[in-house]
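For the sequence shown, the residue numbers in the working numbering are 52 to 182.
No lab work stands behind these hints: they were computed from the structure.
None of these values were measured; they are calculated from a predicted model.
Cβ atoms here follow ideal geometry from the backbone N, Cα and C, with glycine treated the same way.
Be aware that one or more of the hints could be misleading.
Listed next, the in silico DSS-like pairs over lysine-lysine satisfying Cα-Cα at most 25 Å (straight line) [said to hold, decoys possible]:
id	residue 1	residue 2
1	Lys103	Lys89
2	Lys130	Lys112
3	Lys94	Lys107
4	Lys130	Lys103
5	Lys161	Lys130
6	Lys89	Lys161
Across the chosen pairs, the derived CB separations fall in these ranges [said to hold, decoys possible]:
id	residue 1	residue 2	range
7	Lys161	Gly110	39 to 45 Å
8	Pro153	Phe105	15 to 21 Å
9	Pro163	Tyr123	50 to 56 Å
10	Ala122	Glu97	31 to 37 Å
11	Met126	Gly86	33 to 39 Å
12	Tyr123	Gly165	21 to 27 Å
13	Thr90	Asp140	26 to 32 Å
14	Lys107	Glu167	20 to 26 Å
15	Gly165	Glu116	46 to 52 Å
16	Thr118	Lys161	42 to 48 Å
17	Glu116	Lys89	41 to 47 Å
18	Ala122	Glu143	23 to 29 Å
19	Arg146	Ala85	15 to 21 Å
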Amino acid sequence: HTHQMLANTARRSVSRTLASGAFRTTRALSDDPAGLRKTLGEKIPEWQSEIKTFCKEHGHKSLGETTVNHAYQGMRDLKAMVWETSLLDSQEGIRFRGHSIPELQDVLPKAPGGEEPLPESLLYLLLTDEI
52 HTHQMLANTA RRSVSRTLAS GAFRTTRALS DDPAGLRKTL GEKIPEWQSE IKTFCKEHGH
112 KSLGETTVNH AYQGMRDLKA MVWETSLLDS QEGIRFRGHS IPELQDVLPK APGGEEPLPE
172 SLLYLLLTDE I
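My request is simple: use the sequences and hints to build the entire structure.
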């Protein structure tokens, strides 16, 4: 019974938000899924080609030494994986696609009257590397 009541409340809340038009002036992923597919369809082959070329040129180079302690006690400060969408710096904090959180708060779209960026705009940035 409680689950159904929560689901109904959530549905009403979403319906009211959508009916208010709060998202009409911002780009949301659901506004144009074909556009997102097209954008990713253009970008992914480019990224794959860049990675293939990079690996061909630099694949033999060492990134450092990994120890048994790293495997058991954590990989802190060990460059062991490429993750292009975000970077966690111990001094600056997290950056998404090269942008700090304060920078993104300034440039990402917000709902009319809103103070913070829409979650969809951050997801779009992470997926496409475009603001």
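Outcome of the hint check:
The straight-line distance between the Cα atoms of lysine 103 and lysine 89 is roughly 22 Å, inside the 25 Å bound, and the hint therefore holds. At roughly 13 Å between alpha-carbon atoms, lysine 130 and lysine 112 fall within 25 Å of each other, so this suggested pair holds. With a C-alpha separation of about 20 Å, the suggested pairing of lysine 94 with lysine 107 holds against the 25 Å cut-off. As the CA atoms of lysine 130 and lysine 103 are separated by approximately 19 Å, the hinted pair is consistent with the 25 Å bound.
For the given pair, lysine 161 sits about 35 Å from lysine 130 by alpha-carbon distance, which is inconsistent with the 25 Å threshold. Taken as a hint, the lysine 89 and lysine 161 pair is honoured in the structure, with Cα atoms around 24 Å apart against an allowance of 25 Å. Taking 39 to 45 Å as the suggested C-beta distance range, the pair lysine 161 and glycine 110 conforms, at roughly 43 Å. Under the hint 15 to 21 Å, the C-beta atoms of proline 153 and phenylalanine 105, about 31 Å apart, miss the expected range.
For the hinted restraint 50 to 56 Å between proline 163 and tyrosine 123, the CB-CB distance of approximately 51 Å keeps it satisfied. Take alanine 122 and glutamate 97: their Cβ atoms lie about 34 Å apart, and the range 31 to 37 Å holds. With their beta carbons about 38 Å apart, methionine 126 and glycine 86 fall inside the hinted range of 33 to 39 Å. The beta-carbon spacing between tyrosine 123 and glycine 165, approximately 45 Å, falls outside the hinted interval of 21 to 27 Å.
In this structure, threonine 90 and aspartate 140 meet the distance hint of 26 to 32 Å, their C-beta atoms being roughly 28 Å apart. The given range of 20 to 26 Å is broken by lysine 107 and glutamate 167, whose C-beta atoms sit roughly 42 Å from each other. Between glycine 165 and glutamate 116 the Cβ separation comes to about 48 Å, which falls inside the hinted range of 46 to 52 Å. At about 46 Å, the CB distance of threonine 118 to lysine 161 agrees with the hint of 42 to 48 Å.
For glutamate 116 and lysine 89, the Cβ-Cβ distance of about 44 Å falls inside the hinted range of 41 to 47 Å, so the restraint holds. Judged by the Cβ atoms, the range 23 to 29 Å given for alanine 122 and glutamate 143 holds: they are separated by roughly 28 Å. One distance hint, 15 to 21 Å for the beta-carbon pair arginine 146 and alanine 85, is violated here, with the actual separation near 30 Å.
The structure shown violates the earlier hints numbered 5, 8, 12, 14, 19.
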